[in-house]
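Visitor: Chain residues, written in single-letter form:
2 protein chains.
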Amino acid sequence: MSGGYLKGRIRREDIISAAATLYGEAGYHGSSLREIAKRVGISHAGLLYYFPTKEALLAAVLVRRDAEDSEREQLNVPPGLEVLRHFVALAGHNVRHPGIVDLYSRLAAEAVAPDHPAHSYFERHYEQARESVVESFRVLSASGELREGADPEYAALTFIALMDGLQVQWLTAPDRVDLVGSLRFYLQNLLTVPLG
Amino acid sequence: MSGGYLKGRIRREDIISAAATLYGEAGYHGSSLREIAKRVGISHAGLLYYFPTKEALLAAVLVRRDAEDSEREQLNVPPGLEVLRHFVALAGHNVRHPGIVDLYSRLAAEAVAPDHPAHSYFERHYEQARESVVESFRVLSASGELREGADPEYAALTFIALMDGLQVQWLTAPDRVDLVGSLRFYLQNLLTVPLG
Numbered sequence: 001m002s003g004g005y006l007k008g009r010i011r012r013e014d015i016i017s018a019a020a021t022l023y024g025e026a027g028y029h030g031s032s033l034r035e036i037a038k039r040v041g042i043s044h045a046g047l048l049y050y051f052p053t054k055e056a057l058l059a060a061v062l063v064r065r066d067a068e069d070s071e072r073e074q075l076n077v078p079p080g081l082e083v084l085r086h087f088v089a090l091a092g093h094n095v096r097h098p099g100i101v102d103l104y105s106r107l108a109a110e111a112v113a114p115d116h117p118a119h120s121y122f123e124r125h126y127e128q129a130r131e132s133v134v135e136s137f138r139v140l141s142a143s144g145e146l147r148e149g150a151d152p153e154y155a156a157l158t159f160i161a162l163m164d165g166l167q168v169q170w171l172t173a174p175d176r177v178d179l180v181g182s183l184r185f186y187l188q189n190l191l192t193v194p195l196g
Numbered sequence: 001m002s003g004g005y006l007k008g009r010i011r012r013e014d015i016i017s018a019a020a021t022l023y024g025e026a027g028y029h030g031s032s033l034r035e036i037a038k039r040v041g042i043s044h045a046g047l048l049y050y051f052p053t054k055e056a057l058l059a060a061v062l063v064r065r066d067a068e069d070s071e072r073e074q075l076n077v078p079p080g081l082e083v084l085r086h087f088v089a090l091a092g093h094n095v096r097h098p099g100i101v102d103l104y105s106r107l108a109a110e111a112v113a114p115d116h117p118a119h120s121y122f123e124r125h126y127e128q129a130r131e132s133v134v135e136s137f138r139v140l141s142a143s144g145e146l147r148e149g150a151d152p153e154y155a156a157l158t159f160i161a162l163m164d165g166l167q168v169q170w171l172t173a174p175d176r177v178d179l180v181g182s183l184r185f186y187l188q189n190l191l192t193v194p195l196g
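Respectively, the protein sequence lines represent chains X and G. By the UniProt record's numbering, the letter at position 187 of the first sequence is numbered 187, and the numbering carries on one by one without gaps. By the UniProt record's numbering, the letter at position 151 of the second sequence is numbered 151, and the numbering carries on one by one without gaps.
Worth flagging that the hints you see were computed from the coordinates, not collected in a lab. Quick reminder that beta carbons are idealized off the backbone N, C-alpha and C, glycines included. Some hints here could point you the wrong way.
[To be verified] In silico contact screen, one side only, chain X against chain G (beta carbon under 8 Å); selected entries:
id	residue
1	S105
2	Y126
3	A150
4	L157
5	V177
6	F185
[What the hints assert, rightly or not] So these bits of chain G aren't anywhere near chain X, every CB distance computed over 12 Å:
id	residue
7	G41
8	K54
9	H86
10	H97
[Claimed, not checked] Far from chain X, by Cβ distances over 12 Å, these chain G residues were calculated:
id	residue
11	E13
12	H44
13	P52
14	V63
15	E68
16	S70
17	E71
18	E73
19	P78
20	P79
21	L90
22	R106
23	L166
24	P174
Please model the complete structure; the sequences and the hints are all you need to start from.
Guide: This is the structure in C-alpha cells:
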C-alpha cells in the first residue's frame with residue numbers, strides 16, 4: 001500500500017465521519033458538501049474529488065453504517081436463532097438513534113429510481129439482508145424450529161420488509177409503535193421455540 | 001350549499017385530478033404547481049388559493065387515493081377474513097400502479113418530520129389503517145381463526161408495516177419481491193384457516 005493510497009483512504013474515512021456527524025446535527029437536507037469540507041479542513045473541490053455528489057457521500061455513510069451494524073450486532077454469527085436475536089438487538093439500537101433511521105428511510109424511498117445514485121447500494125443492501133436472514137430460517141426449518149410449512153425465503157423477505165415498514169410508522173408516531181416488540185411478535189409467530 | 005361553495009368544491013377536485021395525472025406522467029418532483037394550474041385552466045395564484053404548497057396538494061391527492069382505495073376494494077366490509085382479503089387485493093392493485101406507490105413511499109418517509117405538511121395526514125392514515133385491520137384480527141381471534149396467543153394489536157401493526165416495507169423493497173427490485181405472495185404468506189402464518 002503506497003503512502004498516497006493510505007492517505008486517500010484516511011481522508012475518505014474522515015469525510016464520511018464528518019458527514020455522518022453533520023447529518024445527525026442538521027439532517028441530510030440541512031447538510032452541504034461545503035460545510036463537510038470545511039469540517040475536514042479540505043477545499044470544496046478537494047471533497048468533490050472523493051464524492052462528486054451529496055448522494056454519493058450519503059451512500060458511503062450508509063455502507064459504513066451497514067459495516068458497523070454488522071460488527072456491533074454480530075450479524076455474521078453462524079446462521080440460526082442467534083442471528084435473528086441480533087437483528088432484534090439492531091432494531092433496539094436503531095430506536096436509540098432515530099436520526100440515522102430517518103435518513104435511511106428517506107433515502108430508501110428516493111432510491112427506488114434506477115438512476116438514483118444510491119439505487120445500487122439499496123439493491124445490494126436488500127439482497128445481503130435477505131441472504132443473511134434466509135440462511136438462518138433454513139437452519140431453523142431443518143431443525144423443526146420454524147413452523148411447518150413456513151417458507152424460509154418468504155420469511156426472510158417479510159422480516160426485512162417489516163423492519164423497514166415499522167421504522168417509518170414508528171418515526172411518524174413513536175408513542176404508538178413498539179418497534180422491537182413488533183419484531184419479536186412477528187418472529188415468535190414464525191417459530192416453534194421461544195425466541196428468548 | 002351555495003353556488004360559490006359548490007364551484008369551489010368542483011375546482012378543488014379538478015386540481016386534485018390534474019395533479020394526480022401529472023404525478024403519474026412526470027413524477028411528483030417533475031411536477032410544478034404552474035403546470036397543474038395551466039391544465040386546470042386557472043392562474044398560478046388561483047391554484048395557491050386552494051393549495052398553498054406542493055405538499056398540501058400532494059396530501060390532498062393521497063387523501064383522495066385512500067377514499068378511492070377504500071371504495072374500490074371495499075375495505076369497509078364487516079371486520080373479519082374478508083377485510084384481510086380486500087387488503088391483499090389492494091396490494092395487487094398497487095402492483096399494477098407503481099407510480100402512486102412510489103409517490104406514497106417517498107412522502108411517508110419525508111413526512112415523519114412533525115413540521116412536514118403531510119405529517120398529520122400520515123398520522124391519521126396509519127391510525128385508520130391499524131384500526132380497520134385490528135377489528136378484523138379481534139373478530140378472528142374470538143372465533144379461533146387467529147393463532148392462539150397472537151395479539152390482534154401487534155398483528156394489525158405489523159401487517160400495515162409489512163405492506164409499506166414490501167412496497168419499497170419491491171420498487172427497488174421488482175423481480176426479486178413477490179409483494180402479494182409475501183402478504184399472503186404473512187397472513188396465512190397468523191391464521192388457523194385458509195386465507196382463501
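Visitor: Next step is simple, just say for each hint if it's right about the structure.
Guide: Structure-based check of each hint:
A cut of 8 Å between beta carbons decides the hint on S105 (chain X): the least distance to chain G is about 4 Å, and the hint holds. With a cut of 8 Å, the hint placing Y126 (chain X) at the interface with chain G holds, because the nearest CB-to-CB distance is about 6 Å. Hint status for A150 (chain X): holds, given a least beta-carbon distance of 6 Å to chain G, under 8 Å. Because the smallest distance between the Cβ of L157 (chain X) and any Cβ of chain G comes to about 6 Å, under 8 Å, the interface hint for this residue holds.
Taken as an interface hint, V177 (chain X) checks out: its beta carbon lies about 6 Å from the nearest beta carbon of chain G, inside 8 Å. Interface restraint check for F185 (chain X): the shortest CB-CB distance to chain G comes to about 4 Å, inside 8 Å, so the restraint holds. No Cβ of chain X comes within 12 Å of the Cβ of G41 (chain G); the nearest lies about 31 Å off, and the non-interface call holds. For K54 (chain G), the shortest C-beta to C-beta distance to chain X comes to about 15 Å, beyond the 12 Å cut-off, and the non-interface label holds.
Non-interface status of H86 (chain G) relative to chain X is upheld: no Cβ of that chain comes within 12 Å, the nearest being about 19 Å off. Every CB of chain X lies more than 12 Å from the CB of H97 (chain G), the least distance being 14 Å, so the non-interface label holds. The beta carbon of E13 (chain G) sits about 27 Å from the closest Cβ of chain X, which is more than 12 Å, so the claim that it is off the interface holds. For H44 (chain G), the shortest C-beta to C-beta distance to chain X comes to about 25 Å, beyond the 12 Å cut-off, and the non-interface label holds.
Chain X leaves P52 (chain G) outside its interface by the beta-carbon criterion, the shortest separation being 21 Å against a cut-off of 12 Å. Listed as a non-interface residue, V63 (chain G) keeps its Cβ farther than 12 Å from every Cβ of chain X; the least gap is roughly 16 Å. No beta-carbon of chain X is positioned within 12 Å of the beta-carbon of E68 (chain G); the least distance is around 22 Å. Even its closest Cβ contact with chain X, about 19 Å, leaves S70 (chain G) beyond 12 Å, as expected for a residue assigned away from the interface.
Consistency note on E71 (chain G): stated as away from chain X, and its beta-carbon is indeed over 12 Å from all of that chain's, at 24 Å minimum. Chain X leaves E73 (chain G) outside its interface by the beta-carbon criterion, the shortest separation being 19 Å against a cut-off of 12 Å. Separation of P78 (chain G) from chain X is adequate, the least Cβ-Cβ distance of about 25 Å exceeding the 12 Å criterion. Interface exclusion of P79 (chain G) from chain X stands, the closest Cβ pair being 20 Å apart, more than 12 Å.
For L90 (chain G), the non-interface assignment is confirmed: its Cβ lies about 15 Å from the closest Cβ of chain X, beyond the 12 Å cut-off. Under the 12 Å C-beta cut-off, the non-interface status given to R106 (chain G) relative to chain X is violated; the minimum distance is some 4 Å. For L166 (chain G), the condition that its CB be more than 12 Å from all CB atoms of chain X is violated, with the nearest at approximately 4 Å. Against the 12 Å criterion, P174 (chain G) falls within the reach of chain X, whose nearest CB is about 10 Å from its own CB.
In terms of the numbered hints stated before, the structure departs from hints 22, 23 and 24, listed from lowest to highest.
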